[in-house]
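Read top to bottom, the protein sequences are chains A, B, C and D. Mapped onto my numbering, the consecutive letters of the first sequence carry residue numbers -2 to 357. Mapped onto my numbering, the consecutive letters of the second sequence carry residue numbers -2 to 357. Mapped onto my numbering, the consecutive letters of the third sequence carry residue numbers -2 to 357. Mapped onto my numbering, the consecutive letters of the fourth sequence carry residue numbers -2 to 357.
It should be emphasised that the hints constitute simulated quantities derived from the structure, not laboratory data. This one's a predicted model, so the numbers in the text were calculated from it and none came from an experiment. You may find that some hints are simply not true.
Each pair may be met inside one copy or between any two copies, as identical chains are not told apart.
[To be verified] Keeping only pairs whose Cα atoms sit at most 25 Å apart, straight-line, the calculated DSS-like set for lysine-lysine is:
#, residue 1, residue 2
1, Lys167, Lys142
2, Lys269, Lys317
3, Lys319, Lys269
4, Lys143, Lys167
5, Lys183, Lys69
6, Lys71, Lys143
Number of protein chains: 4
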Amino acid sequence: MGNSFGEIFRITTWGESHGGGVGVVIDGCPPRIPLSEKDIQPELDRRRPGQSKIVTQRDEGDKVRIVSGTFKGKTLGTPIALLVENTDQRSEAYTEMEAKYRPSHADYTYDAKYGIRAWPGGGRTSARETIGRVAAGAVAKKILKKQFGVDVLACVSQVKHISAEINPDKFTLKQVEANIIRCPHKATAEKMIRLIERVRKQGDSVGGIITGVARGVPAGWGEPVFDRLEADLAKAMLSLPATKAFDIGSGFEGITLQGSEHNDVFQMRGGKVRTVTNRSGGVQGGITNGETIYFRTAFKPTATILQTQDTVSAGGENVKLKARGRHDPCVLPRAVPMVEAMTALVLMDHALRQRAQNGR
Amino acid sequence: MGNSFGEIFRITTWGESHGGGVGVVIDGCPPRIPLSEKDIQPELDRRRPGQSKIVTQRDEGDKVRIVSGTFKGKTLGTPIALLVENTDQRSEAYTEMEAKYRPSHADYTYDAKYGIRAWPGGGRTSARETIGRVAAGAVAKKILKKQFGVDVLACVSQVKHISAEINPDKFTLKQVEANIIRCPHKATAEKMIRLIERVRKQGDSVGGIITGVARGVPAGWGEPVFDRLEADLAKAMLSLPATKAFDIGSGFEGITLQGSEHNDVFQMRGGKVRTVTNRSGGVQGGITNGETIYFRTAFKPTATILQTQDTVSAGGENVKLKARGRHDPCVLPRAVPMVEAMTALVLMDHALRQRAQNGR
Amino acid sequence: MGNSFGEIFRITTWGESHGGGVGVVIDGCPPRIPLSEKDIQPELDRRRPGQSKIVTQRDEGDKVRIVSGTFKGKTLGTPIALLVENTDQRSEAYTEMEAKYRPSHADYTYDAKYGIRAWPGGGRTSARETIGRVAAGAVAKKILKKQFGVDVLACVSQVKHISAEINPDKFTLKQVEANIIRCPHKATAEKMIRLIERVRKQGDSVGGIITGVARGVPAGWGEPVFDRLEADLAKAMLSLPATKAFDIGSGFEGITLQGSEHNDVFQMRGGKVRTVTNRSGGVQGGITNGETIYFRTAFKPTATILQTQDTVSAGGENVKLKARGRHDPCVLPRAVPMVEAMTALVLMDHALRQRAQNGR
Amino acid sequence: MGNSFGEIFRITTWGESHGGGVGVVIDGCPPRIPLSEKDIQPELDRRRPGQSKIVTQRDEGDKVRIVSGTFKGKTLGTPIALLVENTDQRSEAYTEMEAKYRPSHADYTYDAKYGIRAWPGGGRTSARETIGRVAAGAVAKKILKKQFGVDVLACVSQVKHISAEINPDKFTLKQVEANIIRCPHKATAEKMIRLIERVRKQGDSVGGIITGVARGVPAGWGEPVFDRLEADLAKAMLSLPATKAFDIGSGFEGITLQGSEHNDVFQMRGGKVRTVTNRSGGVQGGITNGETIYFRTAFKPTATILQTQDTVSAGGENVKLKARGRHDPCVLPRAVPMVEAMTALVLMDHALRQRAQNGR
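Next comes chain A alone, as it looks inside the complex (with noise of 0.2 Å):
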């Protein structure tokens, strides 16, 4: 259970790291929309491995294939099936795995709910699993672009404690792309690869901060009580591997703040309700209120390092593990296009959601 996403613009991942592949099952899309492998190759590009140095090494070229719901070019409006096949395969840097437990990743947990685990690579618990969900988004980042002039977009913010100021309005996908990093600030960029390549000699690893970001975003979109869009954002980026914060707008900051200092006040502006700050992060009350959304992720320092670390056994004993393989010293800059499609398939819903309902 658990591997579907929205309600009306449905998602549905599968696939393991080490099986015949992985996929998603996209229902709901509406019909008639432009739509080919190139329009969803580049966001995998994004996010494959073995694109930079300071990522994973395993070469995989996630290639796409769209096995349904189109029809010369054009969505049908019935699923769209998209597939990516599984090639670079290494299970035997994974065999002390089978019976030892890695630290902070999901090896225990898995066995403890199921009883049986698919230890190469992590299986179902690997970021590959996350081929579905940058798929499924690409498709949903087209239509909020071309039906809605919604812009989504993401960048990385923070890297353990180097830090970038981001601008939610201002910072584009050139400056975004122009780094292995992905930080749209060009000199806290390099410190920041400086800072991954270090740990990663050291076979440790960091994490930090995304911030994501939709522009144009529509006055509306969201739904009381428990479908806030902040609430379903939230839902959206801690489903995400290695996440463990969330904070839209003002945040956790904002708390020092008064009421009289925080409240974005109203004001006229070009024919249109507008505030005059933006703390809210773009939604009020849970629903759109017409400004830029913005938020930040936090993603804690990769589980898997090749350092000797104390764990237990399958069996119950106490023992050592060193992992061998190929593994990220910082998911960051690859989880950009995930947060960017996590995003997409958020707002995607909700648009056909207020449709629904409201007839707009």
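Given chain A, work out where chains B, C and D should sit, using these hints.
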């Protein structure tokens, strides 16, 4: 849409601030559980207005009635309908808000979404909606305790800049209930209360942080990949009014550590697989590992303040608004039972999901 | 579980025969629709007991109250809670059924499922549960008529062996309401009524068939592949108490024709794609084609009869049972508004689903 | 939308007749069940075209591949993705249907709904879509048999006017598979086959009835009130292509009896609560009573025939259409495994729902 929560133990809340009442329907509750209003009323009393000098003075008894779903004091397995009548309604305090949007409140966004709005008391956006959640949460808490040995608890850990050190494994309900701010650390609680009183006199408001915990949860609850336990908790918390942030375990702060420092090393203890530290917050890969679950949620300062603010009218003019009426200068003490309720609802649902698929 | 129906226009019913009342919550209703109790009460009056000599004499006014979801006579878009109190409860008539299972009733199966049962009046298995459906259906019927130009109607077409020829395109509400059995063919209606009176005097019961129609449904409603319109109608009908069969269009009888005889040939008529015949019943491949939708549902003879029957006790002994109390000798006249309600709920939901994905 | 079925054991099918393939994702499958392609392929072979002289001669091997969800031959509890490639595609036979709507087919309604249609082979409306259902049903059948002792079986009981008497408790898989029409009564089967051969030579088609049974289902499965077992079965059957009717137990015929004749009297037998007759068809009040479940589903004559028919074009002109290509003169023999699959999927889901709420 969006008024239901949970997949198997599923609740649907309804009701506006100034209509006939508010309530909840619980579907999927296990049968033969002893249940009466006495199990639910105490939680509503912790949530109700007028309980102390630092909360709103609206005087509602919030008496709950079980209208269906029990027979001779036991649950039937069929839907449990819980009803609380609205009694102390004073629409006149809100007449100004019929035509003026409160800054950082949902007045404007509801109009943008629905083209209609129940302005007295905020209608559906009122915190009265949470009565249904707290009532349903009381049922979930009871079953979790009785059938699964799980304890759910929350407390105020920060108000504006005043924070208390909270040990997730140690603080008690008795400590929490010992003061009107619901902070288990007595000296800090007194400082918080003095701050809130001062702010209230200014007609202003403050926010803060609530820490939630669940103790005794067995390993194996939570669903990959979208319905991770932390994802559902994040959604649950961000669905509460006025929340802006969520983190679990080491949260945002964890990113300053490297993987080798951050990982929770396993060890056998008392014949069980345990972790030496608990930076994971009791969840690894979306599934519980048997350690205490703990997380934090930030509540912004209450939007409705008694000072004059700039805003716009429904007619599109720049105007001034000075709210009247009875408002919470700080929602935190009343939000503690809400956080507990949502936590219990998430856990209850996952307990039944685990039983469905894995038979235990 | 299982107490909700619909995906977007979604209802949840609750309540037992002899508890505090019965009701329904409607989520996803479009906003700004004029709605008052006057729109709902007439449908409940068609369903209520005691309305004629051929139905149960239980005397319930079944007065409905809108407890939430409207403001100044219009829907808010937030959940509409409808409540009907139970008033004429006489548990004593059911004491014998506490320990004895009525043949072909749900007494035994509820015990087998839940290990507990509200025996007075059948508890949740009572037809009182359908009050919520009929009330919600009244809301759906109004919106279908007002916003989509769709008319939903049903009538009794057969009682035991007495059947009337029904033309799905022609019969009117006035004809249906002209007699107490709700069969639009007057002479046949009189025969049906005489039969039911005779059967009632025997302490026995009869079943029959209700024909339902929807006129004016545009082409394009219904979802492939599992949520075909006819599949959702079949589920809706078979979810009503005492139903055993459903067919649409040519139904079971259509199989005696060959394809060349059975196919509904298309032709242009009035500038529209129309069919010459309508054996499809208005639905092709799960999606409406613009022709009248018509279907039939069979209701078995009421299980509770006033004759002595063999049965077993909850303790596992072979015993005799002679039911007392007030029961319908024939459920059909009261089931007509139930069939209309469920039809309207299915169509309303599909109208919104079509709008969500296809924008019209 | 509408491409998923089930709440806990939930399947999502995808794929068109002439795209890359068809498939299904199963979410919620219990872990540690031995599963390989050998468990699934036999059911697909019963469904596949070209298996005998009375079905379509399209030559598809329909080889299934388990792409995810198993490890070393056992289910993981994570999604099981099953894939069948399309191989024998001949779009040219369908070119005429690009512009002309087949009478009683879904060509027109898909265009009306989506404004686009994959005309080769019927696209998503093709019976190839049922491959995913049959594959998932094979998994469900295996688990039902192995873990719950439940047997699911179906057979052809009528073709046009030729019908066989079927005893729900007695007929065997061996009898069903003994002839190409899948009617367990040999002499009747021969008549049916001769009829179909004659009809096929005419370029015409016939319909009929399939009887489905489930034996060994324990008392207590099924959910009140909307998700009654018979309601979910009705939906399941009416979701199959070409179905027009469903009845369970005494069905439409039961209405000629009075309650005193129709009721299934209880008696203790072998220490269990049993019924003397089984007009209920194994379900009372939506919940199983431990007796054999049996029901009937009517399939209309295949819409696509090789005779000249009047119809209209996509451009809105009255035209003639004479279909070419390879079509089933009678879908019934291939529909038998589909009925079994859908029955198994309904039961599997309800088995897990029962376990979730009631712990057994």
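Hints versus structure:
In this assembly of identical chains, the alpha carbons of Lys167 and Lys142 lie at most 25 Å apart only when taken from the same copy (17 Å versus 48 Å across copies). Taking CA atoms no more than 25 Å apart as the test, Lys269 paired with Lys317 passes between copies only; the shortest distance there is 17 Å, against 63 Å inside one copy. Proximity of Lys319 to Lys269 under the C-alpha cut-off of 25 Å is restricted to the inter-copy arrangement: shortest distance 22 Å between copies versus 59 Å within a copy. Proximity of Lys143 and Lys167 under a CA criterion of 25 Å is satisfied intra-copy only: 21 Å inside one chain copy versus 46 Å between copies.
Taking the shortest alpha-carbon separations for Lys183 and Lys69, neither the intra-copy value of 42 Å nor the inter-copy value of 48 Å comes in at or below 25 Å. For the homomeric pair Lys71 and Lys143, the shortest alpha-carbon distance inside one copy (14 Å) is at most 25 Å, but the shortest distance between copies (35 Å) is not.
This entry does not satisfy hint 5, going by the numbered hints stated previously; all others are met.
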